[in-house]
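Here are the chains, one letter per residue:
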Amino acid sequence: MKKLVMIGNGMAGVRTMEEILKVATEPFKMTIFGQEPYPNYNRIKLSNILQGDTNFEDIIINPLDWYKENNIQLFTGETIVNINVEEQRVVSNLGREVEYDELIIATGSKSFILPIAGADKIGVTGFRDINDCEMMIKSAQQYKKAVVIGGGLLGLEAARGLLNLGMKVDVVHLMPHLMERQLDPVASSLLKAELEAQGMNFLMEKETVEILGDERVTGLRFKDGSQVEADLVVMAIGIKSNVKVARNNGIYVNRGIVVNDFMETSVPHIYAVGECAEHREIVYGLVAPLYEQGKVLANRICGNLGEPYQGSVTGTQLKVAGVDLFSAGEIFEDGTTKSIMVYNEYDGVYKKILTRNNMIVGVVLYGDTKDSTKLFRMLTKKEDISGMTSISVLQSECSAEGSNDDVASMANDELVCGCNGVTKGAIVEAIKTQGLTTLDQVSHCTNAGRSCGRCKPMVSSILTHTLGDQFDEAAAQKTSLCGCTTLSRDEVVAEIKQKGLTSVKEVMNVLEWNNEEGCTKCRPAINYYLGMIHMDEYKDDRDSRLVNEKMHANIQKDGTYSVVPRMYGGVTTAADLKKIAEIAEKYEVPLVKLTGGQRIGLFGVKKEDLPAMWEELDMPSGYAYGKTLRTVKTCVGAQFCRYGTQDSMALGIELEKKFERLDTPHKVKMGVSACPRNCSEAGIKDIGFVGIDGGWEIYVAGNGGVDLRAGDLLCTVKTQAEVMEMTGAYLQYYRETANYLERTSKWVERVGLDHVREVLANEDTRKGLNERMDKTLKKYIEPWNEAIQSEEIQDKYYAKHTIKVGE
Amino acid sequence: MLQTLTRIPVANYSNIRVRSGYSLKIDDTEIALFKLTSGEVYAVENRSPHPKGGVLSEGLVSGEYVYCPLYDWKISLKDGKVQAPDEGQVRTFKVELEEDIVFIIR
Chain A
26 MKKLVMIGNG
36 MAGVRTMEEI
46 LKVATEPFKM
56 TIFGQEPYPN
66 YNRIKLSNIL
76 QGDTNFEDII
86 INPLDWYKEN
96 NIQLFTGETI
106 VNINVEEQRV
116 VSNLGREVEY
126 DELIIATGSK
136 SFILPIAGAD
146 KIGVTGFRDI
156 NDCEMMIKSA
166 QQYKKAVVIG
176 GGLLGLEAAR
186 GLLNLGMKVD
196 VVHLMPHLME
206 RQLDPVASSL
216 LKAELEAQGM
226 NFLMEKETVE
236 ILGDERVTGL
246 RFKDGSQVEA
256 DLVVMAIGIK
266 SNVKVARNNG
276 IYVNRGIVVN
286 DFMETSVPHI
296 YAVGECAEHR
306 EIVYGLVAPL
316 YEQGKVLANR
326 ICGNLGEPYQ
336 GSVTGTQLKV
346 AGVDLFSAGE
356 IFEDGTTKSI
366 MVYNEYDGVY
376 KKILTRNNMI
386 VGVVLYGDTK
396 DSTKLFRMLT
406 KKEDISGMTS
416 ISVLQSECSA
426 EGSNDDVASM
436 ANDELVCGCN
446 GVTKGAIVEA
456 IKTQGLTTLD
466 QVSHCTNAGR
476 SCGRCKPMVS
486 SILTHTLGDQ
496 FDEAAAQKTS
506 LCGCTTLSRD
516 EVVAEIKQKG
526 LTSVKEVMNV
536 LEWNNEEGCT
546 KCRPAINYYL
556 GMIHMDEYKD
566 DRDSRLVNEK
576 MHANIQKDGT
586 YSVVPRMYGG
596 VTTAADLKKI
606 AEIAEKYEVP
616 LVKLTGGQRI
626 GLFGVKKEDL
636 PAMWEELDMP
646 SGYAYGKTLR
656 TVKTCVGAQF
666 CRYGTQDSMA
676 LGIELEKKFE
686 RLDTPHKVKM
696 GVSACPRNCS
706 EAGIKDIGFV
716 GIDGGWEIYV
726 AGNGGVDLRA
736 GDLLCTVKTQ
746 AEVMEMTGAY
756 LQYYRETANY
766 LERTSKWVER
776 VGLDHVREVL
786 ANEDTRKGLN
796 ERMDKTLKKY
806 IEPWNEAIQS
816 EEIQDKYYAK
826 HTIKVGE
Chain B
8 MLQTLTRIPV
18 ANYSNIRVRS
28 GYSLKIDDTE
38 IALFKLTSGE
48 VYAVENRSPH
58 PKGGVLSEGL
68 VSGEYVYCPL
78 YDWKISLKDG
88 KVQAPDEGQV
98 RTFKVELEED
108 IVFIIR
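Here the protein sequences come in this chain order: A and B. First residue of the first sequence: 26, per my numbering; consecutive thereafter. First residue of the second sequence: 8, per my numbering; consecutive thereafter.
Among the hints, a few may not be true.
Claimed, not checked - List time: in silico DMTMM-like cross-link candidates among lysine to aspartate or glutamate, alpha-carbon distance up to 20 angstroms:
1) 32/B - 583/A
2) 825/A - 35/B
3) 825/A - 34/B
4) 821/A - 52/B
5) 546/A - 71/B
6) 59/B - 159/A
7) 85/B - 541/A
8) 546/A - 93/B
9) 32/B - 633/A
10) 582/A - 34/B
Unchecked claim - If you anchor each label on the Cβ, the simulated ranges turn out as follows:
11) 828/A - 25/B: 18 to 28 angstroms
12) 291/A - 86/B: 23 to 33 angstroms
13) 106/B - 600/A: 49 to 59 angstroms
14) 124/A - 105/B: 54 to 64 angstroms
15) 106/B - 81/A: 42 to 52 angstroms
16) 112/B - 811/A: 33 to 43 angstroms
17) 25/B - 63/A: 39 to 49 angstroms
18) 828/A - 86/B: 50 to 60 angstroms
Unchecked claim - With the Cβ distance kept under 8 angstroms, some of the chain B side facing chain A (calculated, not the full set):
19) 31
20) 59
21) 65
22) 95
It should be emphasised that the hints constitute simulated quantities derived from the structure, not laboratory data. Just so it is clear, CB atoms sit at the ideal spot from N, CA and C, and this is done for glycine as well.
My request is simple: use the sequences and hints to build the entire structure.
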């Protein structure tokens, strides 16, 4: 068996291995050395980790099992210090020697650290690997002020992440414009304005000359003599190829390890790929070109010389919330270019296409990037645009045929989804062999479009093209409930009503689900819709609920649960607190914590302890786990507070007692404040009530979570009875018209606040809504008490059976 | 090495309900037992192959599949294979039925 050794365990290298496994006709004995103590992970997603959108486990691309399954010997935490090119052997820092027939160097790169005084102080870091990321997250817990050096792609992503971590962030940039290599001055200034609005502070045209501080950094000094404070300095100026091991062993190195079009270095049987490699004087730092290199190298190593690598045109986009930005190719006009430009300052949209000889050579899009895939393709394929009007170049809604031709001419191995490395061929095959008909299904089966989503329009075109006449535009456009059906939410609800369907099973059966027993998306949704339509006549299908609602407790990552008893309006008593304390002690609850909703959570409870704890607590469930009313947060209000104009606690308690347990499309949170100082933060609740002199303001569609949104004033009413009536009608209208899992903020934005106001303005309509609400509320019984009473429920859901063998 | 198989009675078939998971512990191994709508009973290790782990017994059961309750992976109860686009495999145990008693072979 031929021996293949790879130095480096990163994205480009491991992708090359994957390609080799795919095309090799004879197996290799594969060995990989990785300096970091981890399997291959998605470095692109580090900024998502920093921004708090994901965690490390989720960005691992090849878990350790993958190496095992493919018989790849992996040595992590080990670096190669020497390559003996005569005897074809590598030596690691631990003295391990491994022979090779073919050797791949994929050592990647490191952050370029400015060679200035103080660069080695504690608190100065690059932004390159998970260690950097963890260091930054840790610093944010202790320190307040960060300075990012470098206003490029990476620097801005790092800065956004640090803002999310609660730090004050300055971005220092040497040039007059941000991302000057990807953006022209117009797009750059739009970007700067947006990021300033998000809270970043920019220090432009500043050259850092010294990092100040004793052991730890305390500030920066610039060339012009000015200084700025800093507890953390992130250098994101660029990357530097890791070439030491190559250079020390006589392999020709310039900025990177120099390779030819087949990724061969100057030494036979040694290849380089990825950010450590320099091809035609370019070192690439983006993933798509590296994957292209990997493919060429895999073919070379397996002995079938295919197409040579001829360099890549790269497209970039910034992964920062609130910023849509795409750039590719050239950005500046010269005498030979003609540009097509759209600048809508009002909407913050800017598009510039640079052309030369009737071909697109550069693209800059800001504010609206949905054409990026198409334009990038036209750029890379060097399409002749002389027959197109400037409008049609800039519009994505060009005729369906146009985009179909596009797709038809694509080669099967052309990459469609750069993030996940999905080719057109893979998508077409999945559509054909698995009978897929919607974009959702394609994404689910192939991963295409699941990361940044830029390729979704193209995946859609491929779907249209592949299905040909069978393609049902309406069906693909509309969002089906899930992959088990082509019916939309509205169609399912209409069918349930029209055909009088009464159980989840019946719905799936009669409406011809292609997956007989549904999935985790449709079953909870159908169960909700049935309960909404049939009100008190519907028997809830507990096994169609997901774990938290099924168990009436929140599952934690280690399989334990949390117990959060109801504490109406956040008001409790000394006696109840004592009881909670005693039970927490008795069951050795690892964590007792005040939740965000003004109550007490007991975390880390074993499943089999749940019923007994509930029984001893003798309190109703707080439904901290449900798509239902969570809590009503209140301020102290007129009973004690000198500013309170209304009795906020009393209203909060009345609301919580009335609407608790109600099934809603998604969770619903409320807040009641007794005056406009708004201590209960009612402005970011699904429904918020603010007491004013002589009445209440009702705010709706606020959200304090993922989509931070201030509530809109729905109306002002005079009495507590009116509050209850309006709230009942509003909630019921949300229940009847929202999609399952659609929060009120999204729902109001979809249907329109004016529309909701109009519906609720009609007294008869309100009356009808409230009647249906009251009828629905009748069916609920307290779930913890139900579990205590029923042996069947206890045995089915909460028992753990232990069996000892041999006794 | 000589492997011995043990046949362990774990439940009465008529007592377990369809489309729900039961967790049981045999010595140090936690096992999730499922009865499908078809009436077949399957046993797998009660641990999701997701890198972060988690239990399977509380997952939603659909046909021969269970969805991992923490990360929503779809896992076949017949062979333990994780369905695309995710990857992995959970350990399965052979189940035998005699009269009304469910045995796990281990």
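Okay, the hints, checked on the actual structure:
no.: 1; hint: 32/B - 583/A; result: holds (16 angstroms)
no.: 2; hint: 825/A - 35/B; result: holds (13 angstroms)
no.: 3; hint: 825/A - 34/B; result: holds (13 angstroms)
no.: 4; hint: 821/A - 52/B; result: holds (18 angstroms)
no.: 5; hint: 546/A - 71/B; result: holds (17 angstroms)
no.: 6; hint: 59/B - 159/A; result: holds (18 angstroms)
no.: 7; hint: 85/B - 541/A; result: holds (17 angstroms)
no.: 8; hint: 546/A - 93/B; result: holds (17 angstroms)
no.: 9; hint: 32/B - 633/A; result: holds (13 angstroms)
no.: 10; hint: 582/A - 34/B; result: violated (23 angstroms)
no.: 11; hint: 828/A - 25/B: 18 to 28 angstroms; result: holds (22 angstroms)
no.: 12; hint: 291/A - 86/B: 23 to 33 angstroms; result: violated (49 angstroms)
no.: 13; hint: 106/B - 600/A: 49 to 59 angstroms; result: holds (53 angstroms)
no.: 14; hint: 124/A - 105/B: 54 to 64 angstroms; result: holds (56 angstroms)
no.: 15; hint: 106/B - 81/A: 42 to 52 angstroms; result: holds (50 angstroms)
no.: 16; hint: 112/B - 811/A: 33 to 43 angstroms; result: holds (37 angstroms)
no.: 17; hint: 25/B - 63/A: 39 to 49 angstroms; result: holds (42 angstroms)
no.: 18; hint: 828/A - 86/B: 50 to 60 angstroms; result: violated (24 angstroms)
no.: 19; hint: 31; result: holds (4 angstroms)
no.: 20; hint: 59; result: holds (5 angstroms)
no.: 21; hint: 65; result: holds (4 angstroms)
no.: 22; hint: 95; result: holds (7 angstroms)
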